[in-house]
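As they're listed, the protein sequences go chains A and B. The first sequence maps to residues 1 to 133 in our numbering. The second sequence maps to residues 1 to 167 in our numbering.
Treat the hints with care, since some could be wrong.
Here are the in silico distance ranges between beta carbons for each label pair [as the list claims (entries may be wrong)]:
no.	chain 1	residue 1	chain 2	residue 2	range
1	A	ASP24	B	GLN42	21 to 31 Å
2	B	ALA125	A	GLN35	28 to 38 Å
3	A	ALA19	B	ALA125	49 to 59 Å
4	B	GLU91	A	ARG97	20 to 30 Å
5	B	GLN160	A	GLN34	50 to 60 Å
6	B	LYS104	A	GLN35	45 to 55 Å
7	A	ARG115	B	ASP29	45 to 55 Å
8	A	SER54	B	GLY67	26 to 36 Å
Note that these hints are calculated values from the structure, not bench results. Beta carbons: idealized from backbone N, C-alpha and C, even for Gly.
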Amino acid sequence: MRLIITTAITALFSLAAQAETPVDFQNRFATQAQQENPAFTGFSVERGKQWYASTHGREWSCASCHSSNPAAPGQHATTGKVIGPLAPAANPERFTRADKVEKWFKRNCNDVLGRPCTAQEKGDVLSYLLTIR
Amino acid sequence: MRASSLFQAYSRTLLITTFILTISNAHADTRIRTPKHAVWQQECSACHIAYPPQLLSAPSWRAIMNGLDQHFGTDARIDQQAHADILRFLEKNAGSGELSTSAKPPLRITETRWFIHEHSEELPADIWTRPEIKSPANCMACHSGADRGDYSEAGLRLPQNLNIEED
């Protein structure tokens, strides 16, 4: 009986957690990038790094809220609230939940670029974030 | 059985205390107690503290929730299910109509008559734009326990070169 309950709880827990790894996201972005652009040749850390720091001719960059060093905590540009580091090496919760990652790319890309990010952009920036130790 | 009726009495006291403190708050150990609500806590505390529902009226919360796509210069859209859930929670725990400044429901706690009254007397007018404060909506800059609903005098952390008059 106890065994059944333990198994049930473990199963429920893993269902609820839906944990993924940053590399799972990288692979998914690669598949999407291929669909968006047949000439896709892979992600670039250098491009991701520059993109992260750029304001794209508007008000904010990713660094405005996530700090110019993604291994360090950031601060929301308007409210001043402290935001945990974005680099997975510094914050193991990052890029482990699909609903969270999707929600924030949608919002933050809209705030920074005024449009959704392409899969190429998401993959480039994630590749850059994964080089941060 | 005894434990649960004790709990009920306790929650009733909390409710009454909250109401009195929110409306009159003459106390030095003000706590704003908000019922637990996981979705609201998670969704509305990502960019700032989850502002207590008691500090705005129901019409104000409705107006805020209707404009999340352009929420004070940022995109704060949430999915339909969470939206309905949070709106219900905010309406249920909202403060009274006395919180409004005019016929139009305010979108900011910091624009309510209550807030302005509570913060005008002892604070210099330039306080709100100082770099370490940034914005009146940054409650945590002065109330170090604001994320726990603690607005007591003991939790007050004002900029060092600032003296407030005692009343």
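Here's how the hints hold up against the structure:
A hinted range of 21 to 31 Å holds for the C-beta pair A:ASP24 and B:GLN42, which are about 23 Å apart. One distance hint, 28 to 38 Å for the beta-carbon pair B:ALA125 and A:GLN35, is violated here, with the actual separation near 56 Å. Here the CB-CB span from A:ALA19 to B:ALA125 is close to 50 Å, well matched to the stated 49 to 59 Å. Between B:GLU91 and A:ARG97 the beta carbon distance is about 29 Å. The supplied range of 20 to 30 Å therefore holds.
Here the CB-CB span from B:GLN160 to A:GLN34 is close to 56 Å, well matched to the stated 50 to 60 Å. Between B:LYS104 and A:GLN35 the beta carbon distance is about 47 Å. The supplied range of 45 to 55 Å therefore holds. Hint check: A:ARG115 to B:ASP29, Cβ distance near 49 Å, so the stated range 45 to 55 Å holds. Roughly 29 Å separates the CB atoms of A:SER54 and B:GLY67, a value that falls within the hinted 26 to 36 Å.
Checked against the numbered hints above, the structure breaks only hint 2 and satisfies the rest.
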